[in-house]
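Engineer: Given next are the chains, with one letter for each unit.
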Amino acid sequence: MKRVVYTSPYVPGPLIAAHGLEPCYVTVEGGLDRDGNGPMEGVCTYAHSFIQEVLSDDACSAIVLTTTCDQMRRAADWIQSMDGPHVFLMNVPRLEASPQTIGLYREELKRLGRFLEGLGGRPPSDRKLAQALQMPPKQDIQVTIAPKQNKIPLALVGGPLPTQDRELFALVESCGGQIVLDATETGLLGQCHGDVPETSDPRDKLVQRYFVQRWDVGRRPVGDLYRWLDAHFKTAAVRGVLFRWNLWCDLWHGELACFKQHIALPVLGIEATGNMAADRSRLLTRIGAFIEMVT
Amino acid sequence: MTEHPEQITVKQWDRRFTELNAGGMTWPPYCDSFARHIRQGDTRLRSLVYDNAPAAFRLWQFLLSEEQRLHQAQANGALIVGTMKDLGTIPVMAYALENTVAFYPDGAWWIPCVMEMSAGLLAVADSLGVDESFCPVRAMLGAFVTEAHFPRPDLLICSTGAVCDDFSAIARRLPDMGFPVFWWEIPHRRHADPGEQQVTLPGARSAPVCQVEQVKTELDRVRRALEEASTQRLDKPRLCQGIQQANQVRAQLTHLRELVYGATPSPLGALEMLIAEMLAIHFCSDLPESLKVLTDLVDLARCRVRAGVGITDAHSARVFWVNPVADLRVMNLLEQCGGRLSGTDFLFTHALDPIRQDMDPLEALARTALADPMVGSAYDRAERIARDMRHWNAEAMIVSRIPGASHCATEGRILCEHIQKELGLPCLEIEVPPISDGMSSSLQTRLEALIEVVKERR
Chain W
92 MKRVVYTSPY VPGPLIAAHG LEPCYVTVEG GLDRDGNGPM EGVCTYAHSF IQEVLSDDAC
152 SAIVLTTTCD QMRRAADWIQ SMDGPHVFLM NVPRLEASPQ TIGLYREELK RLGRFLEGLG
212 GRPPSDRKLA QALQMPPKQD IQVTIAPKQN KIPLALVGGP LPTQDRELFA LVESCGGQIV
272 LDATETGLLG QCHGDVPETS DPRDKLVQRY FVQRWDVGRR PVGDLYRWLD AHFKTAAVRG
332 VLFRWNLWCD LWHGELACFK QHIALPVLGI EATGNMAADR SRLLTRIGAF IEMVT
Chain R
39 MTEHPEQITV KQWDRRFTEL NAGGMTWPPY CDSFARHIRQ GDTRLRSLVY DNAPAAFRLW
99 QFLLSEEQRL HQAQANGALI VGTMKDLGTI PVMAYALENT VAFYPDGAWW IPCVMEMSAG
159 LLAVADSLGV DESFCPVRAM LGAFVTEAHF PRPDLLICST GAVCDDFSAI ARRLPDMGFP
219 VFWWEIPHRR HADPGEQQVT LPGARSAPVC QVEQVKTELD RVRRALEEAS TQRLDKPRLC
279 QGIQQANQVR AQLTHLRELV YGATPSPLGA LEMLIAEMLA IHFCSDLPES LKVLTDLVDL
339 ARCRVRAGVG ITDAHSARVF WVNPVADLRV MNLLEQCGGR LSGTDFLFTH ALDPIRQDMD
399 PLEALARTAL ADPMVGSAYD RAERIARDMR HWNAEAMIVS RIPGASHCAT EGRILCEHIQ
459 KELGLPCLEI EVPPISDGMS SSLQTRLEAL IEVVKERR
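Top to bottom, those sequences are chains W and R.
Going by the numbering used here, the first residue of the first sequence is number 92, and it counts up by one from there.
Going by the numbering used here, the first residue of the second sequence is number 39, and it counts up by one from there.
Simulated from the structure, these hints should not be mistaken for laboratory data.
Over the 12 Å line for every Cβ pair with chain W, so calculated as not near, a few chain R residues:
#1 Ile46
#2 Thr47
#3 Tyr68
#4 Ile76
#5 Gln78
#6 Arg84
#7 Leu101
#8 His109
#9 Ala113
#10 Ala161
#11 Pro189
#12 Gln283
#13 Gln286
#14 Gln374
#15 Phe386
Quick partial rundown of chain R residues pointing at chain W, CB under 7 Å, derived from the structure:
#16 Leu166
#17 Gly167
#18 Thr198
#19 Asp203
#20 Trp221
#21 Glu223
#22 His226
#23 Ser415
#24 Ala416
#25 Ser444
#26 Ala447
#27 Ile452
As the structure is a computational prediction, the values presented were derived from the model and not from experiment.
Beta carbons are placed, not taken as given, at the ideal position from N, Cα and C, and that holds for glycine.
Model the full assembly from the supplied sequences, consistent with the hints where possible.
Structural biologist: The following block contains the structure:
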């Protein structure tokens, strides 16, 4: 079965599955030493890792990228320059959900469908698509974690978290804290928020789940993202927030100051270079100091 | 035109200005000595060299007086529209209205250079968490905070979608700072899929009809926002008139570019051409005057071409320049190293191409907006650059990276590879910060090396 790789929460995996292809949601492993060159100036470390990993994946038949950030938008050019697999660049509207932007997203789903047919996929019936929508969500990442005794509960917010960087959870625990809420783009922020209304047309459900009910720092205006996050922080009873961005990710980096203005909790900003081994000591020091402050 | 063209310093120009005044030359009211601007903080002017022609002086004074003119326009009751990111389309609509001035707050990115950091705009941006990992357009954020440069716009319009991340992150801060923004979306321009109807855009690009329709819908929203802010109708006849006015400016600029980039020696200098091209995007806040300034420059260039004289010598390396420089001084440096401009892509080629006048005006504007080189693939941009390089017989390309700009991270390599493959010409990628003095030796070495390569290949 042809594998279609993607990493954006706006890409509807069930649509790919319903076409008879294998949807492969990827959270990058991370680390930029595959080609021995380390980070590239100006290139988001997550996007860089993603490109390296998909280009070395022989089983990857196609990649679906989205225009949700300039880094991923231009990754399409980069992959083309390396004679990589087929790329579909999905135009995801940046303006808030409205009848017009919903219409645009629907049209992009149709266009994606045609691309999948070009790969050998078969256009699905409504029933098949509805069945695919019953599939469990793409991630098996635990978004909320039961708090441990004597650990300061914290939330983690930010861009997508490479697998290698999940070591952050252990680092935090070693400093006396615990991440009890993963609100990164690979965690809570990557999930559909709220219940998707039942509808006879499974495509409406796709639009709701994969476009309308999404929070995103790249949306304009940003909307009620912070009120929504705040509610989750209260539910999880967190006492501080680790705000993490991948190096050269301007959208998340630029959001840090706004976040601090809107959220009435102590916030620690962490920049991830894509090399956890190099970041480890620095992170331990800063997180340790932060937890002392929160305690 | 009687003087031999040469580049002179700011002191020499001020003496000349006094002499010309004494000789009875008349100037537009915004013209004054460079010394006045330097006293007001534009100290970088001391480090530049300028074309000695009165037409060039008028160009500079037009540029340097913009802030003052904007404040005056506001004091006179004009509607001030701040348009951001699209670089060339929205002002065409705004200038179709009466008593309305549109400008790009993005232009504040040059303030750190021109004022040699004394305005503190980058420091303000730093304090807001927007540090040097972002593009120098972060100075715009500082300018909004200090309100010490352009007047507070009555309406702010900003594009989102296929825009660079740093600009998006910076503009997003404005509503929280008390500057409401009207957002409109420009999609990533793509080629039509098989079976999709496509249209040709200015600059020989193409896009599917559905994308043009999408942008047209968005521009109609912008139109209604302008109507509401101005309490004027912005109907089709008015838009057509706006397009016609804009096309007059674009036609003069095209004429100027053909004269300058196609002639040997170059009749105008690189720095003046950069400023002149910038007039295309919002007419330096005065459309009729921008036309007069450009007409003067065209007349100057034409005279010099006829006389076979110019600012550079006949052997200068013909260089195609990609992206505007954060430090204006580097344009002088190119010439000092033995190069000259033979074509440019300063990020807004879509503001130079004529807007169609044989169709619905919003459709024409949508096609223009979609032709933005930054909205599509870097390969599309490279193709146009290659065409233009052939047209002007350029011998090399320089890609000037803007520090921190998200598009510069990967685009340069793609552009250089394409030009090397298609044209077999040497390419150089450099990075130019707002003040390049600390790296001027390194820049000079690299420019000189490229120019040596060009000359050896002849």
